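Colleague: With chain E's structure known, arrange chain W on it following the hints.
Protein chains: 2
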Amino acid sequence: MIVFKNIITTSAFVLCCLFGIQTKAQNHPNLILTKASVAEMRSQLGKVALFDKSLADAKTEVDAVILIGIIVPIPKDMAGGFTHEQHKKNYTILQKAGVLYQLTQDEKYAVYIKNMLFAYAKMYPTLPLHPQERSYARGKLFWQALNDANWLVYVSQSYDCVYDYLSKKDRIYLEKNLFKPFASFLSEGSPQFFNRIHNHSTWGNVAVGMIGLVMNDEKYVDYALNGLKIDNINPNAKDNDGGFIKVAGQKTGFLANLDDPFSPDGYYTEGPYYQRYAMYPFMTFAVALQNNRPDLEIFDHKNGVLIKAVYALLNLTNFNGEFFPLNDAQKGMSIYSKELVTAVDIAYYFGNKDTSLLSVAAKQGRVQLDDAGFAVAKAIQEKKQTPFIKKSLNLSDGSDGTQGGIGILRAQKGSDDFSLVLKYCSQGLSHGHYDKLSFSFYNNENEIYQDYGLARFVNIDQKNGGGYLKENNSWAKQTIAHNTITQDETSHFDNDFETGSKFASELIYFDSSNPKQQVICSKETNAYPDTELKRTMALLTLENFENPILIDLFSITSKSTHQYDLPYYYLGQMIDANFKYETPTVLEPLGTKFGYQHLWKVGHSTLEKNETTQLTWLSNSKFKTITAASKSGDEVIFAKIGANDPKFNLRNNPAIIFRRKNAKDTRFLTITETHGSYSPVTESAKNAFSSIKELKIIHEDENYVVVSILDKKDKSTLVFLTTSKAESTTKHNLTIDTKEYEWTGTLLIKTLE
Amino acid sequence: MIVFKNIITTSAFVLCCLFGIQTKAQNHPNLILTKASVAEMRSQLGKVALFDKSLADAKTEVDAVILIGIIVPIPKDMAGGFTHEQHKKNYTILQKAGVLYQLTQDEKYAVYIKNMLFAYAKMYPTLPLHPQERSYARGKLFWQALNDANWLVYVSQSYDCVYDYLSKKDRIYLEKNLFKPFASFLSEGSPQFFNRIHNHSTWGNVAVGMIGLVMNDEKYVDYALNGLKIDNINPNAKDNDGGFIKVAGQKTGFLANLDDPFSPDGYYTEGPYYQRYAMYPFMTFAVALQNNRPDLEIFDHKNGVLIKAVYALLNLTNFNGEFFPLNDAQKGMSIYSKELVTAVDIAYYFGNKDTSLLSVAAKQGRVQLDDAGFAVAKAIQEKKQTPFIKKSLNLSDGSDGTQGGIGILRAQKGSDDFSLVLKYCSQGLSHGHYDKLSFSFYNNENEIYQDYGLARFVNIDQKNGGGYLKENNSWAKQTIAHNTITQDETSHFDNDFETGSKFASELIYFDSSNPKQQVICSKETNAYPDTELKRTMALLTLENFENPILIDLFSITSKSTHQYDLPYYYLGQMIDANFKYETPTVLEPLGTKFGYQHLWKVGHSTLEKNETTQLTWLSNSKFKTITAASKSGDEVIFAKIGANDPKFNLRNNPAIIFRRKNAKDTRFLTITETHGSYSPVTESAKNAFSSIKELKIIHEDENYVVVSILDKKDKSTLVFLTTSKAESTTKHNLTIDTKEYEWTGTLLIKTLE
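Chains as they are written, first to last, in my numbering: chain E, 1 to 753; chain W, 1 to 753.
Extracted from the complex, chain E is given alone in its bound form:
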């Protein structure tokens, strides 16, 4: 197809409008499908199993809906309610029906689309803003413009597929009454929604851009790519999630939304849950641009960040392919979502034809009904897939990669996978949590220590219309809800979004060069004034432990004395603690604000001496033990989530909290073991006890901390942790008690005989 430069296109556009000329008639579909690709796919029908299955699935689904007839209700409900769900269903079906029309050439699909579009075109001009007033940017079909944008992204594709089927008169009618006002409403009519750096805006940009490409209307394409020139957005305005609408001077539009929130490694600053959500418009519009504006070389943009983003997403998952629930994220969302099917297919086809992506697609069990999906299905048919192996990796955050990041360490023992996720990135826009240096830890798909994720039941109407719950702010975003340090019972940055948005944590080093000794070290100097937090985490495979162990060293230096709380949100049934503790007969919340009001204090201990404190629990048929090098005066608190939760919105999970009062410069040290197993069928408990007898720090200075682990066979292991900048080639030497130790790398393990 012909590519115009912007200025020429605009002129052409003006001419077309003036004279009603359709310069591109007979060139549809041209958006995701093309005439050539449709011909190719049609010629191969019945020959490529996964494609045929996906086509058959779509046919079954759409045929059933067609039988029900056209339902286009006057908008009324919140998410989860009838009108919301119906309009959502409509756009999904419309998109699929379009593809089915092209691939089967069965006219019933075109008829259905036409009737549906006319129903919308009849209603749309009559619609005021949606009656639900909760959004900072209300839609017309839905309570928020975001969902309207979703609608248009899908329906543009549908319209493209029947463009040639429709008469010119029909097209003019539809564009005048439905598509143009729709696109104008989402752009000019909703600048606070459209002209931002935000996943909402990405959807908005793409919606407007896609319909612009179909209609060959350059105004909308320009809006989409480059944003509105004038928006009159108040620089202090915030959205419903408390995020700023716009930072002064910020570029907007699709290209800016691609440049800004993605790091050079493909990490999207909001976190994988929202990255997944944004991937569909990003990838789909990229295909549309590749088909219509190859000059943009969109897949090469920012060193191919779109394709890198797909790999980042696939790596930000646990054993079962579920995304790590960083920031606001609903657990369970996974590589099996439709967005990831899209992302993987496109990354294969428009990327390097990486055969390891085929094994992901094969797991997904379905493909997109387009060129990319077809190519994937065909390659799978030809048995080209190779394993997709998730490795330890560090993903930078920030558009230039300098806003901290996410470190993932992975170790294997037999068929068991252990994954550590350390979060040292930036705030992550309005969906970010106040949890610098927090972590989660997995054994296969099971959380040893969980990140709580969001406090929301997405699309469950009874729970606040499926929207965010107030406990998302009062609990899920607070620091104490995470596996990191809270100082003086106050969240990082005093829970202030503006402050939090200014800073990111800093990587000191990441070293996964030796799979048996992987370490990451990161620091945070802004969460609390005058206090530096530094976390060093090592995933070690040692001979005297059944499984890889996790060493967690949290170093704190401050100019004044504070109370520090370090929680570990374990999951499962408590088995035993090796220290004395008390349990109250009446439960009270642990505090009054910053999330503490949501924790019941269910047990408590004050330690009378320095000691090795241990808690063992059982989950997923395996025992786990956390061992802490506790100090005299330390408190250990058993907590349970759920206080001040009048609607029972929270999950009542447990935590163990290590508390140290009146501390200035101090260190928390723990080791987490996974050991043994329990079967209720054989009733056999194997290796139910920790292997650690004593844990202590035997040396600490600015650059090194030496940990001594005495196991139950009285074998002693020293672990030399480096807490300042180091690489796998760095040489160190340290003298302890006249004995000199020399080593190269980030870590030394020394077994004493």
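Read the hints as simulated data drawn from the structure, not as lab findings. Quantities reported herein were computed from a predicted structural model and do not represent experimental measurements. Be aware that one or more of the hints could be misleading.
Said to hold, decoys possible - Stretches of chain W that chain E covers, calculated by requiring three or more beta carbons in the stretch to come under 8 Å of a beta carbon on chain E:
#: 1; region: 288–297
#: 2; region: 456–470
#: 3; region: 587–597
#: 4; region: 642–656
As the list claims (entries may be wrong) - Covered stretches of chain E (chain W as the covering partner; in silico rule of three or more C-beta atoms under 8 Å from a C-beta of chain W):
#: 5; region: 323–333
#: 6; region: 454–466
#: 7; region: 568–579
#: 8; region: 584–596
Unchecked claim - Partner residues are not named here, just some residues of chain E that face chain W (Cβ under 7 Å, in silico):
#: 9; residue: 80
#: 10; residue: 336
#: 11; residue: 337
#: 12; residue: 646
#: 13; residue: 648
#: 14; residue: 680
#: 15; residue: 681
#: 16; residue: 683
#: 17; residue: 685
Ideal placement from N, C-alpha and C gives every residue a C-beta, glycine not left out.
Modeller: Quick look at chain W alone, frame taken from chain E:
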């Protein structure tokens, strides 16, 4: 082989002893394996896949242990501890090594057994009672004689397998130093253990009987079959679980233990968890008796109760084959346990060669290494298996079937199974719970309403040595821990074992003749003086509901006024309640005794008028709603298990409790729906709301209760429940508001247009 009548055998035994004659030399093995069966199995090695696999598994396991060498430690530990686990491992391996010796004729197994037996024979005469003093019947190798009996049941088989391999001198040494003193200790030496009606005694009887058969020592065989003639047991003595040791005049021994606790339907009065445990000795000794005393016709005893017991057990399981946790029962125990492999193989071979048992065996994926297992494996190889279909059924309790029972109603919707288990049986000996008319309800393997089961972590040493926890008495056995009525915050029978043991509930009717309208009705008149409890439960498949619904009508008639609490222990995340309730800022226990001290009161409502109260929750990706016809003044309490639990021994599950105060004759009515689904991947919530708008009782008299269900489409359904004796052929007529209704059967469903 030759069968002697008792008197002759006894004489023969005396002669043999006097002259040291081994009349049966060269006739071993004769216990579970026989010379003939070994020859047959050996001839088929390599030809029967499941048998070969089971043999290979045993070989792998035993070979690995043989490499480690003989470990026979001085007894010291409780369950879960080293010496306990080692002796347990030893007897398991010895039994398998014996079979391997016979089937492979590899002498290394015989050598291993010989060395191990000699190690035991050297130690045994030196052993005092086990140092742990917690059992009413201490063992020598283990803390309780029960485990010693386990040991001998397995080791007898091992000895039998190497009997001919050993020299006469070796045998005399082993029998004198190990087997005879061992058998004497378990019988004459432990009458309080041996001479009871109890699963402990069954193990004791069988242990002594099996070694008696191997040694051809009629004294022990007679002890085993008929018990000790003199035992001097104090008639008031109780065991550790609070059960009476012995009821005056009661017969004892294996035959009495077969007659008494099994009902004619094969239900074992302690419940399926302990039935499973007892099945191994019951079935194994039955085979040994069949091989040695065919005149006893043991498999025909009491109309074939042993085989019936296997069917009862298989039916007392959920979708995944896990036993319903009635009475003391650890959840997760299932048809995959080794005891059930034994039971199923033997029931096939010594029963009617029922091919449906083969499909169970195929699921189990392994067979016993004996005639029965071989026959099963061979039949599976020949593809003879047919599906094992679990149907609705009623199992009587009590040796003559008159002590109440267990009713199971099962309904299917597509591939989904719904199972209701109503418990209206007798106390169930010392492992019984005080929960007359309690129930549990399953959707496939998932509990919609759970039975808590026991409070114990079997074999987890840190939890009270793996033994029963004190919360088993203070919580798990109490009435309020179950889905049934508690009157005046006092458990049934005032939590008195002696009183509870005198009574059973009574079946009024059980009708599963129409799979869409299944009903059970049962009453309990002794749990509280002067009060009659009656429960009518119907599992109905109705057109206006997505899945089968459960109607639960609890009718109470009393001579005085009381408070009634009816809890439902649902599992999952609360989604919504349709009534106003308050949540406390500080949690207090719901009461002070009878289990109430273990419930946190987390929410509370007092209803101001008669109303339809609903609670919806989400579990296993499906929504559930309980709808109650509540009355003005009723309280609804949200509770959570876990108060007064200083060792965190309890699971912190929720309950909704319907409370009615100052009631005399009254009825509780609820309906439970399973509806819709939620997927965190598509984030789609389907049918998330109950279909019920209003629920009420529109007629109630002594014989009938008519329930009116108004659905959300304003369609009204009347359900006529019969609460007095009825059958599927009974004719009824009832006039309400001058309108006459006539029907036949136990239930009428009338849809009003």
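Colleague: The structure should be examined with respect to each hint, and the outcome stated for every one.
Modeller: Consistency of the hints with the structure:
no.	hint	verdict
1	288–297	violated (count 0)
2	456–470	holds (count 8)
3	587–597	holds (count 3)
4	642–656	holds (count 8)
5	323–333	holds (count 4)
6	454–466	holds (count 8)
7	568–579	holds (count 4)
8	584–596	holds (count 5)
9	80	6 Å, holds
10	336	5 Å, holds
11	337	5 Å, holds
12	646	5 Å, holds
13	648	4 Å, holds
14	680	3 Å, holds
15	681	5 Å, holds
16	683	5 Å, holds
17	685	5 Å, holds
Checked against the numbered hints given earlier, the structure breaks only hint 1 and satisfies all the rest.
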